[in-house]
Amino acid sequence: MPSPKRIGKIEFGLLSPKEIREMSVRKIIWADTYDDDGFPYPQGLMDLNLGVIDPGLRCKTCDQKASECPGHFGHIELAKPVIHVGYTRLIRKLLRVSCRACGRILLSPDEVEKVVGTDDDQTGDQISEKDVKKERICPHCGEQQLKINFEKPTMFSEVLVEDGRKVEHKLTPADIRARLEKIPDTDLISLGINPAVARPEWTILTVLPVPPVTMRPSIILENGQRSEDDLTHKLVDIIRINQRFKENQDAGAPQLIIEDLWELLQYHVTTYLDNEVAGCPPARHRSGRPLKTLSQRLKGKDGRFRGSLSGKRVNFSSRTVISPDPNISVTEVGVPLAVANEMTIPVRVTTYNIEDLKQIVRNGPGRPTVNAPCGANYVIRPDNRRLRLADGNQDTVADMIEPGWTVERQIRNGDVVLFNRQPSLHRMSIMAHRVKVMDGRTFRLNPAVCPPYNADFDGDEMNLHIPQTEEARAEAYILISVEENILSPRFGGPIIGGIHDHVSGIFMLTHGMRHFTKEEVLYLIRFTRIEHLPPAAKEVDGVELWSNKQVFSQILPPELNMVFRASSCKNCDTCKKELCERDAYVRIFDGKLESGTIDKKAIGAFDGQIVNRIIRQYGMRQAAEFIDDLTKLSIRAIMLDGFSFGIDDEDLSKTEYGQIEDVLNNAVLDVDRRIKIYEDGQLEPMPGRTVDETLEMQIMQVLGKARDQTGQIAGRHLGLGNSAVLMAESGARGSMLNLTQMAGCIGQQSVRGERIIRGYDDRTLPHFRKRDRGADAHGFIKHSYKGGLSPTEFFFHAIGGREGLVDTAVRTSQSGYLQRRMINALQDLKVAYDGTVRTTGGRIIQFQYGEDGTDPTKSAFGEPVDVKGIVESILKEEV
Amino acid sequence: MIDRGGLLMSTKLNVMKHIMVPEHIIMGEEEVKKLLSHYSITTEQLPKIFHDDPAVKAIGAKVDDVIRIVRISHTAGRAESYRLVIRRPKK
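Protein sequences appear in the order of chains A and B.
Going by numbering that gives the first Met the number 0, the first residue of the first sequence is number 0, and it counts up by one from there.
Going by numbering that gives the first Met the number 0, the first residue of the second sequence is number 0, and it counts up by one from there.
Bound conformation, chain B alone (with noise of 0.2 Å):
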């Protein structure tokens, strides 16, 4: 079973089902590979995401983990996107 950062059972919202956040999932390992290597950069080169989004937390992804985000756009009906999770910088 997934890892939903203890909401399974909470009485807390999963911003997941919220119709304004869109879908969030973990990328496998030969996917990032493969990601990095059609854009032709190092993951420090991918757009971020803190650890402690909301979102990151609901889906259980780690720091260092690739998430790809799909996104429903204005322009191009449906958009994809991928975030590198790191840590939160303390102040």
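In isolation and in its complexed conformation, chain A is listed as follows (with noise of 0.2 Å):
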């Protein structure tokens, strides 16, 4: 590696004409490419000086094949001068700043001392347009200096005041260069130009550079037709014109044709500098496509700088649909062996290894099932020769085979490979997976790793590298493996976990207590690594019966200790622990679940606090297997009882029904009654409101009160024998508040925390009285989402919804942008040997790593050691 160089200045300047012929190897004057035999021209574009692309012929300039030849620089006489489109601001600036008849600046030397400052007390300020009075008189020759208009993209004219009248006078192209020649050196330093690399006068061209062919090649098609670049043909355009202009010139051609001429050129050699200026039609090529030019080329994502420089495009990746399979290990993903025939490894042919790899060459391209042995695709020779491998030569290339050989071998089960979903928005966003070749035709991933990826199954598609070395390989799975980046560094908790139907499915099968039969029993354990059953809880007619909580403390470490309350307690004030009849005390001793209840807080990812203790206790390996059996045992768990949601199950009966028409109507009249005390005046104002902040603030506080009435009414009728309720209660999905919106009362619409009060004069809808104040008319819903909306609910609705979504779309694209400007301030930052944050160029940016030099995966949730926990798992007790 080279070492890093620290860099000294960097200089910008402009190409002088007289540099620009220096470097043109020839002079173009024809606008044609190829002749009849499809030979370059001479002189003409595709001058065999300017470098080669047909293969066969050789660089006349360095006499170098195509493939060799960079390519070479020529040039165009031009006419006429014309303006640099880029350069129209700056030109814009000299002339206003400049004077008409001497070139020196319009300010006297004091003036200039004011803005730049002394030699030795630069201000680092530069001579602005600003700073120069318009229509001034030069304090160094003492013209009278006039208006000068710019109007985009290229045309510079001067105002003149005649018999009081304004009379503008155009300026050619030549008439500027003339007065910025004038410029001296010494007041160009002042307006912030370096006059050694960039005389002002050089923003006019007077030759234009023509580009090698190398960068503008041009295409064969199917047909033989030959097509050029856009760029080639813009410069056809500017030579046809180059020419006739001359011809017109020498021919004496009135003032007139002369003008339009020259603006004629000054237009194609703007639009071939950048086809997007301002206030100039782009040229077009002739099916109607804008031409992307030399700006083209550069600007934007797919320019050269953001698409060809910043952006890599690698091989030995892959990129398909990803859906789920719980059945393999989170640290599985699962390849569809198109794939896995296509992705090789290259192994090198040593003594040792030479038998294994020639039965893999032998195998050769084609592996025809998921089962079978990997072939090779590939052989390379010592001397760098690729061999492909195909039906037939096989078997001689396997004999060919010695040490110092390598085989690219295609990837089988167990290969490290990383795993990536964009954005990567966080280290956990690419991780290394062990291969398992599969069936169909998409990436199968163990649902519980999609938090870290924050993937889902509704077309998401994701990508996989394999690394090629074998540092690559080792660094991969040492440090980016799954089982590395359960712990997450953002809260130092488990990202990794169950999700959805886990949780769903442990609830059910640890909620209060069951017992099952051998056969049930089996069933739920059939995938998990439990070998050995205990012995049944107990006997009832001679059938032997294991609890659920048997069930799960199977897959538990033996050694386990450890009492938390699950997502379903409700905080008691005094806790019945063992006793609660909600099941919520979770206690699990020497590896047993003694009471409570299974559920996300348990078990779910971010929460997690068994698999949390596992990590701490027994490693991040351990802590993977738990996971592995906990999805397997789950979904079999939720498969053993069934796991549906209908709409029916959103139904209350008659008595409920009646119930919430009463709390909603009596909440409507409530607030009746409220802006009747308003409208008398009665109503007194809270500490720091005004009347009608207070009259609104109770108005919600009533309406939003009996919406959760309505919920909890719903919530007595629906049991936990309810799907929603379940899912709601362990914590798998969705929240009473759903339930609620879903069975009672949707509830108030709001936009910006406020009732919605925009619409018409006075009121929201035409269909209520101007200046209502009630429920109804401010976007208060009474239905349910399974009762119906009524129109002006729904179009409440529809307002409160649309917020929703225009919130998220700000807050992605504002967050993203916040993410990119971080990730570019702090990309090279590391963390030192000796524990300081530092730059690449040592520089120290904190002396100590988050100032306590503590990984939060490895510190228990900022405290260096998790005394609590440890006490705990000890005593066997809540402490």
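Keep in mind that the hints were calculated from the coordinates and are not lab data.
Because the structure is a prediction, the values reported are computed rather than measured.
Do not rely on the hints blindly, as some may be mistaken.
Derived SDA-like pairs: lysine to any residue, alpha-carbon spacing no greater than 25 Å straight-line [unchecked claim]: (1) Lys56(B) / Asp120(A); (2) Lys829(A) / Arg67(B); (3) Lys61(B) / Asp120(A); (4) Lys245(A) / Thr231(A); (5) Lys300(A) / Val809(A); (6) Lys829(A) / Ser80(B); (7) Lys47(B) / Gly7(A); (8) Lys829(A) / Gly76(B).
Taking the hints as your guide, dock the two standalone chains into a single complex.
This is the structure we're talking about:
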């Protein structure tokens, strides 16, 4: 690795006509490219001196072949000077700050010093247009200055006052060039221009460089026709007009025609440089497509900088749709056979592996089934020649192989690969998995690793990369494997854990007390690592029965001790502990679940207390195995009973509907009563609020409470037998609020936290009276999603819903940009061995990483040691 | 007496007394030498602070002085940092 170098300075200058002629190898005068035989015209745009693109020909300048010749510049002598569009701003500034007669800056030395400072004490400022007053008199020669008008894209004119009337006098590029030539070098420095590398008159082109053919190659179409590059097309235009211009000039054509041609030449040169200039119609292809000229090659997302230099494409990668498979390990990734047959790992042949590799070569490129041994696609000889393996040569190549060769072997089960989903916002967006070759056409992943990737299966695609060296594979496995990334550095807890049905399933399995027959138990634990069943908990009528807590305990490590409260815990004033009627007091004693329900708090992604404890006590590998067992067990558990949700799960009985009706009617009456008080002027404003604000707050409060009451009524009717309630209780998905809105009442719709007020004059919709302050006139929705909305309610719901959509759209774009800036600022920082955070130049950013030098994934929620957890696991009691 | 940048008799706010401003102390030559050798760095590699920073002016530090800043930290309780005083560059 080359050592880093400090950049002393960067200099920006202009190409002078002299330099352009010096670097040119050929003057171009013909607009034609190839003659009838397909041979380049001498002194044409494809002149052989400019480099070669056709194989077989040799460059006339450097005598190299097409693949080696880098190309050489030519030049076009322009009949008259034209303005370079990229510098119109600079030209305007220079014309406005310099004298039209003597070319000096229109400021006295004192005034210049005021802006720029003296030689010893420079302010760092440069003279700008604003420092020079318009139409003043030159302090050096006393010439009266004129106003300079600039019209996009390239028109400059002076405003003369003749007989009290304003007359615009056009400045030709030649006039402008003459003026810029007059500006002395000494004055340029205070304008921020270094005259050694950038004389201002060089912004007006007198000679145009012709880029080498290598950067504008022509393509031969299928029908044998040549198709020229956009740049070549533009150069053809320029040369044509330039030739015509010269002829007219020599023939002494009238001024009018000369001016027209000059303008046309200016247009072509302008669009050649930039085809998206304001005030200039873009030059188009015959098909109507705008030409991609010089500036367009650099600009934008697919331009040279963002597209070609910062953006890199890689080999040994693949991309396809993802789908779930709870039966594979979280550390694995299912790879379709078609992908696995295409992707390879180079293996160096040694005396130790030669027999294996010979067999792999014999297997060839077409692996027929998932379980067949892998083959190879290429072998590389010691002289770096690649031999493609195809049916027929496999055996011959296998016999040729000897140490020193390399075999590009297909990936097979157990290979380490990198798996990634964009946007790659945190380090868990790329993790190392182990390959599992599978049928089908999608990548398969265990749904428990969805949270770190933020993946779902509604059509998401993910990328797979194959590390190509031993070092890369070792690094990938040791540093970024899934096992190493269960803990998130964001909050120091597990980010991988049960989701959705895992949580529902394990909740259904462990809630309360139930017993299973041997068949049922074996069905549940079939795919886990459990090999021995504990003695049955009880025996009824000669049938051995195991308890549900016993079944779950089997996947726990044997010495685990912990006490915590499940997510269904309601934080009662006095905890009844083991006797909790919700079974929310979780107690694990020596690896046995004594009481409590396992749910999101215990095993969920982001919470996962048990997962967290296993990591601390037994390490990441054990935790990954626990998650594997857990996903398999919970999926079986949910399948044992079955789990579904339908429209009639939102049904309530007549009594509940009556109660909900009453609650809502009372709320509306209460609102009306408060409005009455307000209208009578009797409403006491709350401290710091106006009367109107107070009323609004009261209304919102009353209606909010009413909605919550309907939820309670619905919740009372729907017990844990209801799937939605079960999911909300266990933390699997949804909340009681969602259920309230489905079965009870949707409630108040809001925009920016307030009731909906915009619309027509003094009312939201013409369906209401003006100045109606009632609940339904400002977006309160009495109905439930099940019951259906009235037309006005539906409209208000759409208003409220739109706000949510806009918010998320704005938030994602803003936070995305914020993240980009953060990453650009911090990407090269690293923690040095002495605990300091440093830049690549060794400059210190933090004297201790995070000021305390602690890795969040190795600390216990900010504390270096989890004292409480350790004491509890030793005493086996809650402390 | 320490030069307090002419703040002693002035009615101006002394920023050092503000609750949000951490403690700034000018380090002695020996201290600086120890600091640099401890991290094996040159003064160039230290974080910087401009000479016209209100806190720098308040404690009267000059260009090329090194300042110790003691902050109350969320994570560590008390965190020390060091900054080299530099001249604010002209734009």
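Status of the hints after comparison with the structure:
no.: 1; hint: Lys56(B) / Asp120(A); in the structure: 22 Å, holds
no.: 2; hint: Lys829(A) / Arg67(B); in the structure: 23 Å, holds
no.: 3; hint: Lys61(B) / Asp120(A); in the structure: 20 Å, holds
no.: 4; hint: Lys245(A) / Thr231(A); in the structure: 21 Å, holds
no.: 5; hint: Lys300(A) / Val809(A); in the structure: 21 Å, holds
no.: 6; hint: Lys829(A) / Ser80(B); in the structure: 18 Å, holds
no.: 7; hint: Lys47(B) / Gly7(A); in the structure: 20 Å, holds
no.: 8; hint: Lys829(A) / Gly76(B); in the structure: 23 Å, holds
In the structure shown, no violation is registered for any of the earlier numbered hints.
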